[in-house]
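Protein chains in written order, with this note's numbering: chain X, 1 to 543; chain H, 1 to 767.
Among the clues, some could well be false.
According to the in silico footprint, chain H covers these stretches of chain X (three or more CB under 8 Å from chain H) [said to hold, decoys possible]: (1) 6-20; (2) 35-49; (3) 382-388; (4) 521-529.
Footprint (simulated), chain X over chain H, 3 or more residues, beta carbon under 8 Å [to be verified]: (5) 473-484; (6) 494-501; (7) 534-541; (8) 604-617.
Sample of chain H residues facing chain X (criterion: CB under 10 Å; computed from the structure) [what the hints assert, rightly or not]: (9) E216; (10) R242; (11) G245; (12) A248; (13) E250; (14) L254; (15) R428.
Simulated from the structure, these hints should not be mistaken for laboratory data. Since the model is a prediction, treat every value here as computed from it, not as a measurement. Where a beta carbon is used, it is the ideal one built from N, C-alpha and C, also for glycine.
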Amino acid sequence: MTDGALIVQSDKTLLLEVDHPRAEEARRAIAAFAELERAPEHVHTYRVTPLGLWNARAAGHDAEQVIDALITHSRYAVPHALLVDIADTMDRYGRLKLTKDGEQLVLETTDRAVLAEVLRHRKIAPLLGERIDEDTVRVHPSERGHLKQELLKIGWPAEDEAGYVDGEAHPISLDTEGWSLRPYQEQAVEGFWHGGSGVVVLPCGAGKTLVGAASMARSQTTTLILVTNTVSARQWKDELLRRTSLTEDEIGEYSGARKEIRPVTIATYQVLTTKRKGAYTHLDLLDARDWGLIVYDEVHLLPAPIFRMTADLQARRRLGLTATLVREDGREADVFSLIGPKRFDAPWKDIENQGYIAPADCVEVRVTLSDSERMAYAVAEPDDRYRLASCSPRKVGIVEKLVARHTGEPTLVIGQYLDQLDELAGRLDADLITGETTVAERQRLFNAFRTGEISLLVVSKVANFSIDLPEASVAIQVSGTFGSRQEEAQRLGRVLRPKGDGRTAHFYTVVARDTVDADFAAHRQRFLAEQGYAYRIVDSDDL
Amino acid sequence: MPDPRSGVRSLADDLRARTDDDLAALLIARPDLARPAASDLTALAARSTTRSSTARAIDGLDLTTLQVLEAAAVVADGIDATTLDELLPGTPPATIATALDRLRTAALLWGTPGALRVSRGVAEVLGPHIAGLGPTGAELGLDPQPPPALRAAITDLPEGARAVLAQLAWGPPMAHEPEQGTRAAEAVDALVDAGLAARRDDQVVVPREVALVVREGRLHREASPAAPPLEGTVRAVSVLDRVGGGSASEVLALVDDALSSWSTNPPRQLRGGGLSVRDLATTARALDLDPPRAAFVLELALSAGLLADDQGEDPSWAPTAAYDAWLDLPGGRRWALLASTWWSTTRDPTRIGQRRPDGKVVNALGQDVHAPPVRALRRAVLTTLAEAEPGLAPTAASLTARLRWRRPRRVPSDLAPRVAAILDEASRLGLVALGALTTGGRALVAGDTEALAASMETHLPSPVDHVLLQADLTAVAPGPLSAGLAHFLRQVADLESRGGASVHRFSAASIRRCLDAGWTVEEILRGLRDASHTPVPQPLDYLIRDTARQHGQVRVVEARTVLRVEDPAALEALLAERALSALQLRRLAPTIAVSGLAPDVVLEFVQDSGIGAVRENATGAITIAPRPAHRAPVPRVPPSVVRAFTAEDAEAGVAALRAADEQASGTALPPGTTGRGGPAGTTALGKSADRGGAPAIPAGDPATSLALLREASADRRPVWVGYADAVGAVRRFLFRPEDIDNGRVHGVADGVRRTLSIHRITGVAPD
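Using the sequences and the hints, build the whole thing.
Below, the structure written as structure tokens:
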């Protein structure tokens, strides 16, 4: 028995005691192969998954190192079965390798039995061409992505060493006057560039756009940037103009409204996935230029058709940017095989500790419904209950109180139901942004909010995605979409952007007590607590 | 036949001449001879030559010794290291001599050194074709030829015949006569013509001498002069012990988890015994294991007596009182119990889930899991590992090769997978780690109970008495919990992750469960405060209070009668009425009260006190029950049945009378000395019985009796036999056995040929 900071559990979770003197050392040792799952105050939970182990292999770690890290830092003896399992899993990576044989793409193996298994596989055999020798088989270049996907499914992930096309050269450099890349951003770019393709995981507000820009400067090629929506596209453009040598003429926007194809083109997922008569009409964009780099923003939201398109883009360098690898549709494996392994990851809390994102004070305010509301709730149809509970008129008074408490601080009130938001906007005398607000109006309000001209905005779901409100330091959530973890991450992200004066951000959730609203809130709390944000529950009367 | 040269007439004589130490060594080498104890050395000698005992002894031999014994059986007479040397080239004489010593100690050989003989049972066990050799030429009626002549004859054979001979020479030494006209038939003809084979029945047989010439004198194709070496990687024992400790603490936690969950939710026992596949799957899921591994844990608990059928009317599986005692033991002792249970149990969990010959699936905890050979194999595997240098993890190939050498006659056909399964089980227990024996495993093989517990104690995490409470509503225990705290946490939270530490999650449901069990909010919070070094996180505190606030919102009242009034004052009056105090009315609401008495009684009391009450049924309607006239139940008269005395009954009665009569009339023992031959075998008949000079015949087990009869038949000597007749009376007579077959012995008694059933023979004594 040693006095390590780590406890290895039989379900392949690793518990890290954060107050332990050697905790940081242990954290660094396991970060390469274990995914941080929960980070509450005392004990952080990491999980060892096959994908994580293969990510580690892709980053050049071997089973010996992983096992050594576990044995060195584990407080108790590590069960034998677990070590064997880790070694076996890691050993599966790289038995198959995609390489170039001259101009030909080939699949090579170091283990003929594996190749034999693969050749016999019903779904994989059609993707392979003629057998060159005992260890090598030809692969059609168009099947490169599909093959990797299928190989991962049967547990033999292929190492992709077939390289990338250079793409059309285009000079891009960072304009670092008055600012510079943060150390972790540089590490992220290094990690990505060294690996060729892959995903960089950074919390909201930690400057993912800059990682993208720096990667473009590194690549010096034409670049296609895929983003979630038009607002986000504009923000990318602004950021690139501000931080790089690129000029207005060099950056094109390819969206529902405009169809510009320029050396750097920013396209939305939506336009790419638009179908007419059963066919994707904008697929040509992908081949419109000889792209040297493709950047995927918010990889965790990447829609399934984009995955299919990405399968055909395996010869181009791909950079994925995201705040979380957790996908609610469980397609983490597709991210791994089609975009690439994780190349950089830093826990939120660490970046917060480094002072790059604001600390947050999370409070859940519980509102007791009036007797008549409770009666109405009790007899309501189950489908209506959530709406009824989250739109309780009692919440309005609470929101007023909270807004009054933080007068002058940039405050966002976020909700789901338009009636409720309308009422709130009226009562609070604030502007309301919903999906129906025009882009121009939206940007005008955002700008006013940014400059401090107005300090209070009521926003609907649109606020969830990639809008940049740098100085929002108070967020009040009155209703949400059924406790989605991802939504929680996004909303928290709104207030976690760096504050100029380093003050504490506040995140309030107003929920109706003893209703499904509180049940959904419990999911969100769990997420907050797991992300390391201490939260309090307060009764509205105690406010 | 007595051997005039040696002066040792028989195995019994040899044994008699041995020292006490030698005899002790014999009993240690062949423990089946000691239990049950033989009555004397004659019986011991007889028993040692029985087929079953001999087979057991030979099955226990390693390949080197077995080869020496086979060579000895071929030589048959005047055996010593030099006579065997020719047959065993490649085996050094010293090895042969050592093996001969062992064989003599085990009474598989007897006689004086230099002129040993093979014990009677050996040939039978080794079979007619020892090492693939056929009968001698003389037995086949062939003319004897010296080896050089044979060699010349073989050289002269046509090629086809030589090939056939080469095939038969290494055994089996016989083959069916090929069809006439084929090339094989020509080859056989050539062999027979050359005097190198004989025809017997419709088979062709190659005599022993010929085969040995073809084999160039070697009895075995490959000599096995020593144990094959164990090869593999050597690891530091300290590393192995740490890894083993991890597995050991895991298995302890698993047994504890499985049994504690069964304490509250005992699964039902199947009608045929065992656990249903579904219950096994449920438990496996709860333990986060696959079903075979969960079954291993449960089987271990069952064999260790920690788990048993609760003997209820509808039997289910539940932890035993021994489980509670086990929980209080220190970790090392708890582990030692599991390890030694595994060492001695004959249950083989790998059978679970397999199909029996009748197509049914073998269920966990059922009868069919019992498979005695597994114990010997487990012991063989671990003992073999213990023979290797410390820390050596032998390769699978070298380990199975060694096991094959160790017990060549007893290895199962699927040795490799079974050894792998055993190593897997041993790894789960921490007896083996990374393929090598841990210190604990070594102590188990050595049978050192104290060292066994001590070996693991230092590698098991020491119990902790605190947990870390977190705002995400979890409690993390950074080590195994002390029993009291573990119980508390199990009550108040749900186990989420297990291993070196345990993670418990609080939820409204778990808190409610705790409140249901009678805990108050303050008790729960105090329990948590005591268990944690840090304050209880606000969200957890809130959860507990919030759950408690809602707890008991609905009260389910036990009552037999409800009283409902319209006017609260009327209820007031009822409660104040002294005559109704016997009803023990309790007010629930201003107009509702309840009583524990039956509605009829309450109605009668209330009406008697002059208040107009009516009865309301469960649907709210008023019922006025007509009072039925009082009636007594019809008395139950037991039916009287008279059974007729049938012809069959009469016949049976007469037969019994006749038998008793016959016995009394002198053919059997006189009354008073008549005994019933039975398994208790207390019948020892005095010399004064029906034949003067007859010795007391000790009751012997059938195996001994049979062996003595065989011996007597071989030596053509008479023996005294105790024989139970048709009615169970025992008679004794001098019997000269001639032939034994199919459970009968044929021979002569009092000049008359008789055939005795062996199961009726109560004992045999030499004349």
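A quick look at each hint next to the structure:
1. Only residues whose beta carbon comes within less than 8 Å of a beta carbon in chain H count, and the segment 6-20 of chain X has 8; three or more means the coverage holds.
2. Restraint check on the segment 35-49 of chain X versus chain H: 6 residues with Cβ-Cβ distances below 8 Å, three needed, restraint holds.
3. Under the rule that three or more residues need a Cβ within less than 8 Å of chain H, the assignment of the segment 382-388 of chain X is violated, with 0 such residues.
4. For the segment 521-529 of chain X, the assignment as covered by chain H holds, since 3 residues bring a beta-carbon within under 8 Å of that chain's beta-carbons and 3 suffice.
5. Given as covered by chain X, the segment 473-484 of chain H passes the check, having 5 residues with a CB less than 8 Å from a CB of that chain where 3 are the minimum.
6. Remark: the segment 494-501 of chain H is confirmed as covered by chain X, as 5 of its residues place a Cβ nearer than 8 Å to a Cβ of that chain, reaching the required three.
7. Evaluation of the coverage hint for the segment 534-541 of chain H: fulfilled, as 4 residues show C-beta separations to chain X shorter than 8 Å, against a requirement of three.
8. Evaluation of the coverage hint for the segment 604-617 of chain H: breached, as 0 residues show C-beta separations to chain X shorter than 8 Å, against a requirement of three.
9. The interface hint given for H/E216 is violated, since its Cβ lies 42 Å from the closest Cβ of chain X, which is over the 10 Å cut-off.
10. At its closest, the beta carbon of H/R242 sits 4 Å from a beta carbon of chain X; the interface hint therefore holds under the 10 Å criterion.
11. Taking 10 Å as the C-beta cut-off, the interface hint given for H/G245 holds, the closest approach to chain X being about 4 Å.
12. With 10 Å as the threshold, the beta carbon of H/A248 comes within range of chain X, its nearest partner Cβ sitting at about 8 Å, so the hint holds.
13. A least Cβ separation of about 5 Å between H/E250 and chain X falls short of the 10 Å threshold, and the interface hint therefore holds.
14. Taken as an interface hint, H/L254 checks out: its beta carbon lies about 8 Å from the nearest beta carbon of chain X, inside 10 Å.
15. The closest approach between the C-beta of H/R428 and any C-beta of chain X is roughly 7 Å, which is under the 10 Å cut-off, so the hint is satisfied.
Comparing the model with each numbered hint stated earlier shows that hints 3, 8 and 9 do not hold.
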